[in-house]
Amino acid sequence: MPELGRAALIVCLGLAVYAVGAGSYAAWRRRGRLAESAENAILASFAAALVASVVLLSALLQHDFGFVYVYEHSSLELPQAYTISAFWGGQEGSLLLWLLILTGFSTAAVLLARRSSRSLLAWTVPVLGAVIVFFSLLLVAVSSPFATQPAPADGLGLNPSLQNPYMLAHPPMLYLGFVGLTIPFAFAMGALIARRTDELWIVVTRRWTLIAWTFLGFGQLLGAHWAYVEVGWGGYFAWDPVENAALMPWLAATAFLHSVMIQEKRGMLKIWNVLLVVGAFALALFGTFLTRSGILSSIHSFTEGSIGPWFLGFIGVVVAGSAALIVSRLPLLRAKTKLESPVSREATFLYNNLLLVAFCLTILWGVVYPILTEALRGEPVTVGPPYYNFFLKAFGLPLLLLMGIGPLIAWRRASLRGLGRTFLWPLGIAVAAGLVLLALGAGSSIPGLVGYTFCAFVLASIALEFARGTRARRALSGGSWFGGLAELVSRNRRRYGGYVVHASIVLLAVGVIGSSAYDTTREQRLGPGQSMAVGDYTLTYRGATRERGVNAMETRALVDVERGGERLGTMRPGKNNYFAEQQVSNEAAIRSDRLNGEDLFLIAEQIERDGVFLKVLVKPLVNLIWIAGFVFLGGALIALWPDAREQRRLALRYGGREALSRA
Amino acid sequence: MSVELVLGGLLAAAVVVFVAVPFLRAGEAPQPDEPAPDALAAAEARDRALAELKELEFDHRTGKITDEDYRALVQPLRRRAASTLSNGATLSGRTPEHAPEQHFSDV
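Residue numbers (numbering that gives the first Met the number 0), protein chains in the order written: chain V, 0 to 662; chain L, 0 to 106.
For reference, chain V alone in the conformation it holds in the complex (with noise of 0.2 Å):
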């Protein structure tokens, strides 16, 4: 069926063109029914992405070898569930998954803002055809997951890093975040073109950011966790280049989330907010254009395609249309607000904003920073770990200090009594930690140290937010702590779900600095009966087994763990042999203990006929990571929640229509 794919292209390639040309025309000389027949045409182009779609499943589900795409990404014996997971695992396919979530986020846009403001839509269809346009001309002209060959018997196979349970969910959540970027992108360029200073593109697209981000923040998390098991050398994270160009969209979309309340509740950083949605944008095309271009090395990009100068030159357009726009409407954008006091809420917000902008700077100059060296001088310069973490500790514990600083400072200005009463219980909470810390030894790092009492910090501040609010609740309408928290929440979604959200940080900052500040790594070779201590634990090497899997061969050590005495188990990491792939994995080992969080986290680097070559990691507190990614899911969810109230004062300002609400 590979005709029936490739004409499903060219139709929605057509159908984008007709969007921008129509779309841009009915705006212009103001068309209702050419502007809604632009409007259809994206919605068509989702059915044609899908027809395109569902043929290249069924192509990797039958195993038609014919197309060049399925012969090079899966074989006969990979398992079914890889096997359409092999749909995103090369550069075609994925393009092609950008391309179905984008037709499909952007006929969810066009549906629901259809009866909000016609206006508003008007600009942001053809800026949305122009998107999908670039991506259907790539696949139609440049990379197409349709091309055919003579059948093989069998097909090459799929990288064996891939073959892992959250390569079914990470890429595809990601994907979902970096696509969902479009979305705010549009309808703010939208309204620039139309010139429109009110705010209904602030309402329309926070919730759509607040998706985006949703997803790129859990598919990092799912990343990591991936990263951890499947990758096999101890860690989550590694500031690899591709690891990082999905950080920073996150980081920006980060800053515009809380920016744009300074912009709802003092109508001002109507420019930045606007530069915010720009630059996550044109970020998330920078981190598809790095996975997929090859121009880098790294362990995430699994293509080397010819993609990349295309993708340059839209992020170019991007960056140089938007940048044009904007100055073009520099007047309609200025604030006429001032910021009243450098001690208030939204001046807390400022700071956070700048902070995690200079972080995503810094990030992005050393992803950049090797590529401008090896185009200049012919060799890349490396920018190593310990860049980036110099920068994570010089931005991100003054970051997490704000996390609970903000919501004890109330809005416009505070006074130093004010301050005094709110900071008494969190700073007396966070010192009293600190030194319960100290006195356990959790002085040896430092850093670590001064990282978890802003942890505490933090905590507390949230907890008595939860607390006073909840008082504040009861004493107005009566009832239990509960139905009163229960009715803060309701009433405040956004607020309170932006705390459980601060909160998962939290977690996340606890995790990550107990398992790379206070973790212990030993490497030793071991023969058989031979053991090791680390920490508390004691390993017993007793031997190797070596059995056929379902399409590789499983070699695993077979070591006995004990703790204080007690046998806890056999751990049996190894590696895998995978037949059609010609690679070799490492299989890790890990037991995690739920009790206090901890990981042992067993390698085996060699295993050899008379021993075996064992790097083991305690990493204490690790699994906190993994448990704050579901606190921050149920966050942002409390945060994404449609609020009924919310919903009448937009219809009652923007002309009683209640879809505006669910925009």
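Calculated directly from the structure, the hints in this document are not laboratory data.
Glycine included, C-beta positions come from ideal geometry on N, C-alpha and C.
Misleading hints may appear alongside valid ones.
To be verified - Looking from chain L toward chain V, a few residues come up when the C-beta cut is under 10 Å (computed):
| no. | residue |
| --- | --- |
| 1 | 7 |
| 2 | 19 |
| 3 | 39 |
| 4 | 55 |
| 5 | 63 |
| 6 | 86 |
Given the coordinates of chain V, assemble chain L onto it according to the supplied hints.
Just chain L, lined up with the frame of chain V:
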């Protein structure tokens, strides 16, 4: 003629019809929704003033603002909120008595 060719043709025909639907429909063409900028600006100013008042009340109740600070801040905000309410009501055609009720019920 292959099945794929037919399916591709059907897809193309279906999307052409779908895109052309607005031109085939009888009746008035849908008009772009053009909000009056002044009324919208007034509505946003009104909502912002009311939200600030609400935040101030909440910050005071939760102890973030002292009684002294509250007294200094609340009067100017109330005046501004009242002024934006009457201004917004004039521009939107609603009675000034009606709009505040709807807002304060949410605050």
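Index of numbered hints that the structure contradicts, given in increasing order: 6
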